[in-house]
Amino acid sequence: MTILYNEPMKNRSSFRTGGIADMVILPENAEELVNALSQYKNAVILGNCTNTLVTDKGIRGVVIITADVKGLSVESDGEEGIITASCGESMSSLANFAMINSLTGLEFLYGIPGTVGGGIYMNAGAFGGEVKDVVKEVTLFSAERGIFTLRSDQMEFGYRTSILKGKSYTVLSAAFRGKKGKRAEIEAKMNEYMASRKAKQPLEYPSCGSTFKRPEGYFAGRLIEECNLKGKAVGGAMVSTKHAGFIINYNSATSDDILKLIDCVKQTVYKAKGVMLEEEIKIIGE
Numbered sequence: 459m460t461i462l463y464n465e466p467m468k469n470r471s472s473f474r475t476g477g478i479a480d481m482v483i484l485p486e487n488a489e490e491l492v493n494a495l496s497q498y499k500n501a502v503i504l505g506n507c508t509n510t511l512v513t514d515k516g517i518r519g520v521v522i523i524t525a526d527v528k529g530l531s532v533e534s535d536g537e538e539g540i541i542t543a544s545c546g547e548s549m550s551s552l553a554n555f556a557m558i559n560s561l562t563g564l565e566f567l568y569g570i571p572g573t574v575g576g577g578i579y580m581n582a583g584a585f586g587g588e589v590k591d592v593v594k595e596v597t598l599f600s601a602e603r604g605i606f607t608l609r610s611d612q613m614e615f616g617y618r619t620s621i622l623k624g625k626s627y628t629v630l631s632a633a634f635r636g637k638k639g640k641r642a643e644i645e646a647k648m649n650e651y652m653a654s655r656k657a658k659q660p661l662e663y664p665s666c667g668s669t670f671k672r673p674e675g676y677f678a679g680r681l682i683e684e685c686n687l688k689g690k691a692v693g694g695a696m697v698s699t700k701h702a703g704f705i706i707n708y709n710s711a712t713s714d715d716i717l718k719l720i721d722c723v724k725q726t727v728y729k730a731k732g733v734m735l736e737e738e739i740k741i742i743g744e
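Under the numbering used here, the first residue of the sequence shown is numbered 459, with each subsequent residue one higher.
One thing to keep in mind: the hints can contain errors.
[As the list claims (entries may be wrong)] Here are the computed lysine-lysine pairs in the BS3-like style, where the Cα-Cα straight-line distance is at most 27 Å:
hint, residue 1, residue 2
1, Lys688, Lys724
2, Lys647, Lys700
3, Lys729, Lys690
Keep in mind that the hints were calculated from the coordinates and are not lab data.
Let's have the full structure, built from the sequences with the hints guiding it.
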């Protein structure tokens, strides 16, 4: 387990912005993670920080980053395979592991820039699939309950949400279902999804993916584009000209630049369309 003091969170967040965290703990396995969670009950829990904007003033107290808690295994279950993935594994690694083992159904996870823990927390999704569609059960920890397991139907999954948003539970690992398939076909679908991402998303710039949730009955990116906000900039932050749903760090932005641009987009869309956008990214810090 590694412990860092006065750690610049801009080195951790995929936005490449953010202030100093007083103390960052990097556990390397589930046992170390549980020990850290038991000792620091009020810690901020993060994965790869791919969906998190840390404010410029940083984070007071302890941050536990789970990205080094890795492990993948698979068991056969008739026409299915059950993959167990530790919380720090990336979604892409999980999808790739499924492909290597000729298991289909998890291809949509390929390219989602986050960890298994983060993906479960927010019920991540892409290309018509969501985490809830492929999760069998989740192993969790809380100071009150210790280590316990919930089935998928107990996780209260919804659009970009789960039971974890209302509870002090931390993901240790999760079991995913995949159906037996042909490796070449699985790999082809993954490559197709990745090509689509590269064509439509501004992956060449630091960002946290889709900045806003999809409003019911609308698409956030389309609303923003219809308000002529593509290319709108505040400081070094800009609404992507490739995909209006992305706010990017195109020129040494600060978190404050990004926050001001988020507010500008929300207010402009609300005034023009009567729809108040809600952030999909998580904003933490002072």
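A quick look at each hint next to the structure:
About 13 Å separates the Cα atoms of Lys688 and Lys724, which keeps this hinted pair within 27 Å; it holds. Annotation: proposed proximity of Lys647 to Lys700 holds, straight-line Cα distance about 23 Å (limit 27 Å). The straight-line distance between the Cα atoms of Lys729 and Lys690 is roughly 16 Å, inside the 27 Å bound, and the hint therefore holds.
This entry satisfies every hint, going by the numbered hints stated previously.
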